[in-house]
Amino acid sequence: MAAPDTMREREAGAPPAPAASSRTREVARLLVSNRLALAGVVVLGALVLLALFAPLIAPFGINEIAIDRRLEAPSAARPFGTDQLGRDIFSRVLIGTRISLQVGFVAVSIALVFGVILGLVAGYYGGKTDDALMRLMDVFFAFPAILLAIAVLAILGPGITNAMIAIGIVYMPIFARITRASVLSVREEVYVRAARSIGAGDLRILRLHVLPNVAAPIIVQTSISLAFAILSEAALSFIGLGAQRPDPAWGLMLAEGRGFIQQAWWMAFFPGAAIFFTVLALNVVGDGLRDALDPRQKSAIESRGMVGS
Amino acid sequence: MTEPAPGSAEPVLRVADLHVRFGGRRGVAHVVRGISYDVHAGETLAIVGESGSGKSVSTLSLLGLVPQPPAQVSGEVRFGGRNLLDSSEREWRRVRGNDLAMIFQDPMTSLNPVLTVGRQLTEGPELHLGLSEADARARAVDFLGRVGIPSPERRMDAYPHQLSGGMRQRVMIAIGLACDPQVLIADEPTTALDVTIQAQIVELISHLQDELGTAVIWITHDLGVVAGVADRVLVMYAGQFVEEATVDDLYADPRHPYTHGLLGSLPVLGVDRPDQLVAIAGLPPDPTDLPSGCAFHPRCPYQLDERCADEIPPLRDIGQGHATRTFYEVPDAAEETAS
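Chains as they are written, first to last, in our numbering: chain S, 15 to 323; chain W, 11 to 349.
No lab work stands behind these hints, which were simulated from the structure alone. Even glycine gets a Cβ: it sits at the ideal position worked out from N, Cα and C. Be a bit skeptical, because a hint or two may be false.
If you anchor each label on the Cβ, the simulated ranges turn out as follows [claimed, not checked]:
| hint | chain 1 | residue 1 | chain 2 | residue 2 | range |
| --- | --- | --- | --- | --- | --- |
| 1 | S | Leu150 | W | Thr206 | 51 to 57 Å |
| 2 | W | Ser61 | S | Leu150 | 40 to 46 Å |
| 3 | W | Ala26 | S | Gly215 | 26 to 32 Å |
Start from the sequences, fold in the hints, and give me the full structure.
Structural data, given as structure tokens:
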């Protein structure tokens with residue numbers, strides 16, 4: 015077996031950078047040159063690290079009740095104060111990061127997988143298939159997102175797992191639409207016809223030739239949808255349909271803190287701030303990604319980067 | 011490779027009475043109206059015609075690449091003892107790229123921008139020849155070398171945007187030939203290229219054709235390109251062949267007014283009479299509303315027979331494989347402008 019060895023040698027021998035990585039690098043460079051997006055990336059990175067190591071960092075257990083220290087204002091020992099049961103809000107917000115990111119990740123994955131598949135099929139096959147699928151998506155679109163999520167949860171029953179499913183269903187049509195729109199133009203490309211002319215089947219064409227060429231808008235949408243999914247989860251938990259007590263979900267903590275807003279502003283403030291910064295960071299990264307991935311905007315950003323430096 | 015013997019041996023591909031119609035709101039467009047031809051092993055057949063004459067659609071239908079509906083394709087495309095037009099999609103997939111392959115006009119758009127050259131080159135061999143990844147890669151490297159791409163090993167990992175137009179067309183040719191097809195359909199492969207590159211590509215295809223014994227159907231509107239490569243020429247107008255001849259006969263002795271027009275509109279280097287460049291008056295007919303009789307008669311400067319406007323002339327054999335779709339002989343005076 016000589017061939018694999020030579021292949022490995024070639025890779026090790028580092029020929030001029032293959033464009034896949036150079037393109038990724040180019041996008042990364044543009045993203046970083048946009049200072050706002052860079053800040054977003056830093057915040058997101060920090061959040062992910064915090065979520066990963068939360069149990070190690072958290073100074074107290076999330077359900078460690080200390081009745082004698084309830085509603086304590088922020089201090090050095092309790093940076094975010096305590097709630098009505100004396101639980102450390104800093105520890106709870108920290109662990110809450112895990113819940114939010116997990117819900118966002120799972121829900122958006124559901125939306126992404128099903129939405130993209132539906133969009134690919136609808137856009138590629140067109141005609142009646144397209145009509146049927148997209149009208150179905152229109153029905154989903156007709157409801158306000160949160161109302162649809164509540165309706166789904168009313169059927170499935172409240173809970174964090176069902177909330178992920180509900181949010182996934184709510185955001186699926188956006189992915190389906192975006193994918194379909196891009197597929198409509200890509201499927202007419204000569205290289206798709208060329209692929210068919212060498213005998214590639216539909217599945218192969220979709221996977222190898224269409225999907226990679228419609229990836230950019232989907233990536234951007236993923237990042238923006240993550241923000242909205244986290245926001246939706248907070249809203250659902252706030253109204254009691256998502257995470258259940260005593261889980262330290264941000265939305266749930268916000269709901270609990272609402273009753274104490276006069277006596278202990280920190281109970282609502284810190285979970286709220288956590289939601290705010292997470293969603294903001296994701297939005298900013300999403301915008302940055304769109305700018306970096308959209309070639310038409312490239313020059314604008316590069317000039318902006320020049321002005322900035 | 012044994013020398014091909016056109017005419018005597020069994021043809022590799024036989025097209026008989028091929029029709030393509032598109033049904034639309036404005037009526038049915040009859041874009042290919044009963045064309046028939048044979049392709050023999052190793053030969054080069056040129057199909058010449060202007061935009062909209064049906065030349066591209068007719069060849070796309072040889073590969074089952076004309077979507078039905080909206081199109082209706084009828085007739086016969088006989089290859090390997092069966093009529094390809096009866097194939098299921100699955101059978102078509104086995105034919106495409108493997109038995110019949112195609113090269114498209116614009117190399118800038120016919121390669122997938124997000125895949126490496128190597129990935130696109132190994133696709134055919136993996137699909138048809140059942141090769142392992144490593145073997146397919148070795149074959150791809152071999153073909154990249156054959157189409158004249160320097161350091162093919164390295165180019166395998168290049169993306170299309172890193173290559174020039176000529177290089178990309180070479181890659182397309184390599185992709186087309188990678189499974190050793192019996193017939194290669196070249197759909198105006200030089201139109202989008204610089205003149206100097208055109209000559210290289212034409213030469214490359216003829217060279218590989220000799221080497222591999224592939225028959226080539228060369229579709230073009232450029233009679234200059236045809237002169238260099240083709241064995242036989244079919245002139246297409248409004249979905250029909252109006253003249254068929256060997257390339258030498260066609261240039262020396264064109265028999266159809268349309269062929270005269272095409273040759274007359276060809277600029278000749280060194281001839282200092284640009285005023286002699288003759289355009290064919292009028293426009294090609296609308297395929298939803300074809301003229302009665304000979305499709306060319308509204309633009310024809312002769313119309314020497316009273317049937318021209320009423321009857322479609324038959325493709326009349328005038329000996330030695332030369333045929334023309336006229337009722338009459340075109341006067342000699344016209345021939346002089348052509349020669």
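Status of each hint after checking the structure:
| no. | hint | verdict |
| --- | --- | --- |
| 1 | Leu150(S) / Thr206(W): 51 to 57 Å | 55 Å, holds |
| 2 | Ser61(W) / Leu150(S): 40 to 46 Å | 41 Å, holds |
| 3 | Ala26(W) / Gly215(S): 26 to 32 Å | 28 Å, holds |
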